[in-house]
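S.K.: So the chains spell out like this:
2 protein chains.
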Amino acid sequence: MAQSDVQQKPLSDQEVKLFNKWWAAANYLAVGQIYLLANPLLREPLKLEHTKPRLLGHWGTTPGLSFIYLHLNRIIKKRDKDILYITGPGHGAPGILAACYLEGTYTEYFPDITEDEEGLFKFFKQFSFPGGIPSHAAASTPGSIHEGGELGYSLSHAYGAVFDNPDLICACVIGDGEAETGPLATAWHSNKFLDPKTDGAVLPILHLNGYKIANPTVLARIPKEELTDLLKGYGYNPIYVEGHEYDIMHQKMATALDEAFDQIEAIQKNARVNNDTTRPVWPVIVLRSPKGWTGPKEIDGLKTEDYWRAHQVPFGELSNPEHLKDLELWLKSYKPEELFDENGSVKQELKDLAPTGNKRMSAIPYGNGGLLKRPLRLPDFRKYAVNISSPGKDFNEATKVLGNYLRDVMKMNEATRNFRVLAPDENNSNRLGAVLEVTNRAWNAKTFDYDDHLAVDGRVMEVLSEHTCQGWLEGYLLTGRHGFMSCYEAFIHIVDSMVNQHAKWLKHCKELPWRRPIASLNYLLTSHVWRQDHNGFSHQDPGFIDHIVNKKADVSRVYLPPDANTLLCVADHCLRSWDRINVIVAGKQPQQQWLDMKSAIKHCSQGIGIWEWASNDKGQDPDVVLACAGDVPTLETMAAVKLLRELLPDLKVRVINVVDLMVLQSHDQHPHGMEDFDFDMLFTADKPVIFVYHGYPALIHRLIYKRKNNRNFHVHGFREEGTTTTPFDMAVENNLDRYHIVENVINRVPTIGNQSAYIVQYLRDKLIEHKAYIHEHGEDMPEIRNWTW
Amino acid sequence: MAQSDVQQKPLSDQEVKLFNKWWAAANYLAVGQIYLLANPLLREPLKLEHTKPRLLGHWGTTPGLSFIYLHLNRIIKKRDKDILYITGPGHGAPGILAACYLEGTYTEYFPDITEDEEGLFKFFKQFSFPGGIPSHAAASTPGSIHEGGELGYSLSHAYGAVFDNPDLICACVIGDGEAETGPLATAWHSNKFLDPKTDGAVLPILHLNGYKIANPTVLARIPKEELTDLLKGYGYNPIYVEGHEYDIMHQKMATALDEAFDQIEAIQKNARVNNDTTRPVWPVIVLRSPKGWTGPKEIDGLKTEDYWRAHQVPFGELSNPEHLKDLELWLKSYKPEELFDENGSVKQELKDLAPTGNKRMSAIPYGNGGLLKRPLRLPDFRKYAVNISSPGKDFNEATKVLGNYLRDVMKMNEATRNFRVLAPDENNSNRLGAVLEVTNRAWNAKTFDYDDHLAVDGRVMEVLSEHTCQGWLEGYLLTGRHGFMSCYEAFIHIVDSMVNQHAKWLKHCKELPWRRPIASLNYLLTSHVWRQDHNGFSHQDPGFIDHIVNKKADVSRVYLPPDANTLLCVADHCLRSWDRINVIVAGKQPQQQWLDMKSAIKHCSQGIGIWEWASNDKGQDPDVVLACAGDVPTLETMAAVKLLRELLPDLKVRVINVVDLMVLQSHDQHPHGMEDFDFDMLFTADKPVIFVYHGYPALIHRLIYKRKNNRNFHVHGFREEGTTTTPFDMAVENNLDRYHIVENVINRVPTIGNQSAYIVQYLRDKLIEHKAYIHEHGEDMPEIRNWTW
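First to last, the sequence lines map onto chains A and B. If you count the first sequence from 1, position 579 lands on 585 in the working numbering, and the numbers rise without skipping. If you count the second sequence from 1, position 7 lands on 13 in the working numbering, and the numbers rise without skipping.
A hint or two may mislead.
Remember, identical chains collapse to one label, so a pair may be satisfied in a single copy or spanning two.
[Said to hold, decoys possible] Straight line, CA to CA, 30 Å or less: simulated DSS-like cross-link-like pairs of lysine-lysine:
hint	residue 1	residue 2
1	K712	K658
2	K772	K513
3	K341	K513
4	K777	K203
5	K608	K389
6	K83	K27
7	K516	K772
8	K693	K712
9	K777	K558
10	K230	K452
11	K23	K331
12	K84	K604
13	K128	K777
14	K303	K452
15	K714	K693
16	K331	K516
Since the hints were derived computationally from the structure, they do not count as laboratory data.
Hey, can you work out the whole structure from these sequences and the hints?
M.R.: Here is the structure:
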């Protein structure tokens, strides 16, 4: 068991004294941020008007966060380490910002927040104040890659950050509230995907201070043996630091960190010198310290320190003179006069406890990953083009073709090790298997000789947790690398909320000139709604697109390439982009190919276009516009066009395909949005438009509601009708098939006239024939399966 | 350690023989479902045309699921237990359906699937076949409350099912794939919220068969000691059943289940007789058996059984005569001639192994919870009404008022124990604290004397996992009870995907006449986007409404009550409803109250209405319609109306408030949708409508796109602009405040004319004044804070 249970004294008395002073300074700065609007050094008696009218930020977790910070500084200096500090607990920023201010970084990033009384005043005021900064470790916090507003992702972010960063150690504080979340609970297993040789290390620090808002936490209230079992079961060696007496706790924490870093160094040496990359048992520190440590023991006679009352702001109502006095005593308990000089600058002896330059956790380049980002080397995607003898004749699997391209991306960036692919439901299942020709699946657990493409240093990340994959990828991108994640379309909803938070982070970064762009978050949603006929209704949901479209226009992109060449073109574009969330939806099944590479490039660069070779309105007004977005919608639209050509040869049909969904929106709403003039030219101002769309139809209506011709848009899409059936029947059940499309054209074009009754009869007969066939044979009619343009 | 490691023989040789036969029958039926389209008893040599053209369903997990089923049947018969069987592994339905067929339930539910050769033919054909049934334990599977298409929720469903069902034991099979998900990883801790006296028990069965699609699983590849530690750390006592030899494994499984049920009985007796409800260590069974057990060892010379190749369909390409032969040999290995009689009926000796009537897991009423559901006793919500001296004058906290009502709902249903409230971010934080006057927080872990309202039998469920709360609630509802979940609006996105699956389940149930209605899933989203000014941007997201609106119209409801009385009215309505997902969005902060109870009832029963007392267009055409939905939008709209009254007294303004968002949609799209005639009467056919909406503006455009006046709708809503600031400033940052609304009115009403320049100047000055004030004082101007109608 942990050495730290035995009392050791790695710190001299003088060091303990200084540590207490630094920590007092950090805590003073934290309380100041939460409470003070003026009189930052308490040079006059505290009055109500010196305090903030609204008290925000969480005191409870704060002293623990700065305590850990201080001790990590010691390690950095002593062992010359690069440490990235990730703090999971929500609203703990006062402690981190205080540390950041104490080591001078804050003033470097925000020169207006000077290291004197005036600067302190501004530093205090801005916290959780209008026009100021949030109470989380948001993007505006130097050195942070993890905001922590929504709990659950600290540990997967930490692992993402250290993959392929062998010199980096990520110290990840996990609050006992956050530890109850699902994403965190499974992220512990990330150690089975880490290579101690080519990756860095994560040191989780489970911070048990016992309470959430008003409730105890689970992990703080189970027997210690159970907690030990749990952490050992996750594959870690727990080192406990428990108590509340300052001097003793400093010695314990220093001992524990020394022990943890000894273990990490031994593991890494064994891996790197002895080439033994067998999964080691990594250390984890369990810090059990009082909630609101160093704060008031009681307020109004009620237990406060070490209790839930210390979770947020431990007391308010400062118009109560008792409370005002309590606050003043509390602040003065840190003896600010010993911490700051006459100008209000932090005393040099405290500053000296921090490392310098980029070694400071608040200035480490990994914490502003764009600084480290280098563009990917990309092969010429044209090289992977599939040959098109004639549109709609040849079949190919789009994502399989993309797999060849991704394989070479992987290969070309092997030396820099800055590209990974991730897939919660497995890369091969999404037909990107070619990547395994040049790398393996990351796996650091038991293997058997019959296992397939598992390796400790594999670069294909597969774990049955969308949360973990997403968290890893975010951590990887935020520290300056690149990635590509494929997922079943329905199950990407599992990370809706994580995507929200990442989109918010990106938006916030764009408002901070010192935050450098990071690589885009790229999704390939294959196994999409129309090709989940075999997996059934639970696997059929195209709503992630709607989710992403709600995000800021300069962040979100949605691409629906209809075939392999357009998919290559779009994927290449996404891998070159930055600061975006790119959603590509494309099927993995063999399907008709439409565009040769030259046409594909032209089409994708505009994002939308008339397919002239499929249209017959050239030189004339069309009678109807048939538009499509998505691979299956394109197929059914083309089949409908062919039917129309046979049934109504005189009908002038214009065929439009949309690759970049955002072109539909007004150009004042989205940078990709078309000008009205262009839109009207394509879709006409008054002709019926039958729009066959991959997802929920309502999205098209909302994207085009400002357009002149919007009333004439009739959208076919997913109507939430699904089951286990044939591919074509999925379309039929949602009225997205060729027959329903043709019938809709007949309904909408007034000039078609009397012949329509027979045609409609024919279409309905075809549908009945289809149903009868599949119920007998269990697969689509040959004329459907083998259909070509 | 587990007794079962020692070889015991609880089964006689005759029993083992029978068990093997029953299991062979189940496996034969499973393989038949996956492969056969004809010749169900192999009475003639197997030909290609007897097989399905598309092979679906997962063989890998199936034999394990039926193995467990068989042994649970033994326990039910031996100990007279009520067992609900939840199976997490995806696509494992062939095994469960086989068991269901073997015990006759299937034929009872689906009389067309008879117990003879003809019935077998249909039973085989329908599986994963167009017009048939899915490969999951979907709603169409008798006895199932858990589909398992999306992985992660089996264990929280199981716990939800046994809460307040003391006589129920839920046997929950967790696949080693599912075990990697976050929601599952944290659901283990549900044992800290279970009362062994008043709740039933969950017996988790971790089924390690080693592989996902093409990858090993984490828990199957860590050392056994680590797995033991992990499960002990979760608070369970693992009992291992490991091996592959049939006879031995039957003895081991019987031994293990005897041991597990002995432990459960001892725990329950201790709790119920000795009144000792201290958290016990519950048993968990770890079944390590080969993937695709009893299936082909090799196919094409490649390892198949006990390998990933057995995960889905172990082999296809039946046009290959070798494969066809392999299939025939495989099927015949089960000796169907010994299992079925001449008619194709299962032999009686096998049928006799199952329990009878409602004791059958496939017929247990808990598995069709609507059978057990009794309506809640509800107090008269009018009793809780807040007094309104005059609209917009008095302040109240809507959710606090609701708390009083919920307290009495809790009290009135105490005897039947069929109502719980859940809150991932804590009930008190959402101001529903009154509920704790009559119950406690469920908590079965260490307590201290200073703890607050924790009790083993508490009915307020709080854990910092939205997934777990959601899973518990779903399990609770699906077994016939009622619940109410409050959540921060932004973080309900965490369960987007779970909500999808529940909505799909409800839709599917409605298509099955024997599935009885269950209570609705009721959400209160308080701490909503406009009142997260203090928690910052990460806490600001109103997009869950958009998500829910994509679900089927007969499932989804969205309510935006503007004040306390309307909230009471809406909540009462939701608690009376069934088979729906009701989303109520209402703030918890003190806010202006608008409607007395009489008006509130009238308003809510229509879902929308003109607020005559705020309008001045009576008897005339309005110049502009001001509509609002949501509490903060209502406040800002009313403030805008008051400003307009002062600035432009001649302007005829009609004020409309929307409580039930779905009324806006066309009546052919949603059952609550208004007829066009009514809509046009309210919103006019041609006047400008300024619509001030709680969420993303695009939703309003998509709901009304079919309406005549849609082009004149101008929507204010959340524009994804947020930070830590004041409440009013949140509105300002998103142009949703009174001043922006008035300016928009001026823009849209052509008749206002020349006076507008001065008014606009005034409005902009007010905004500048606001910004200056908050940047100095940190709170809104008194005229904003104290504003009344």
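S.K.: All hints, please: hold or fail.
M.R.: A quick look at each hint next to the structure:
1. K712 x K658: both (26 Å within a copy, 27 Å between copies)
2. K772 x K513: Answer is between; shortest inter-copy Cα gap is 28 Å, intra-copy 50 Å.
3. K341 x K513: The answer is neither: 40 Å in one copy and 65 Å across copies each exceed 30 Å.
4. K777 x K203: neither (58 Å within a copy, 54 Å between copies)
5. K608 x K389: within (16 Å within a copy, 68 Å between copies)
6. K83 x K27: within (18 Å within a copy, 70 Å between copies)
7. K516 x K772: between (54 Å within a copy, 29 Å between copies)
8. K693 x K712: Both, since 16 Å and 17 Å are each at most 30 Å.
9. K777 x K558: between (43 Å within a copy, 24 Å between copies)
10. K230 x K452: Answer is both: 29 Å inside a copy and 11 Å across each meet the 30 Å cutoff.
11. K23 x K331: Cα proximity of K23 and K331: one copy only (27 Å, versus 81 Å across).
12. K84 x K604: neither (59 Å within a copy, 72 Å between copies)
13. K128 x K777: between (72 Å within a copy, 17 Å between copies)
14. K303 x K452: between (50 Å within a copy, 22 Å between copies)
15. K714 x K693: So K714 and K693 pass the 30 Å test inside a copy (11 Å) and across (18 Å) alike.
16. K331 x K516: This pair counts as neither: shortest intra-copy Cα distance 42 Å, inter-copy 64 Å.
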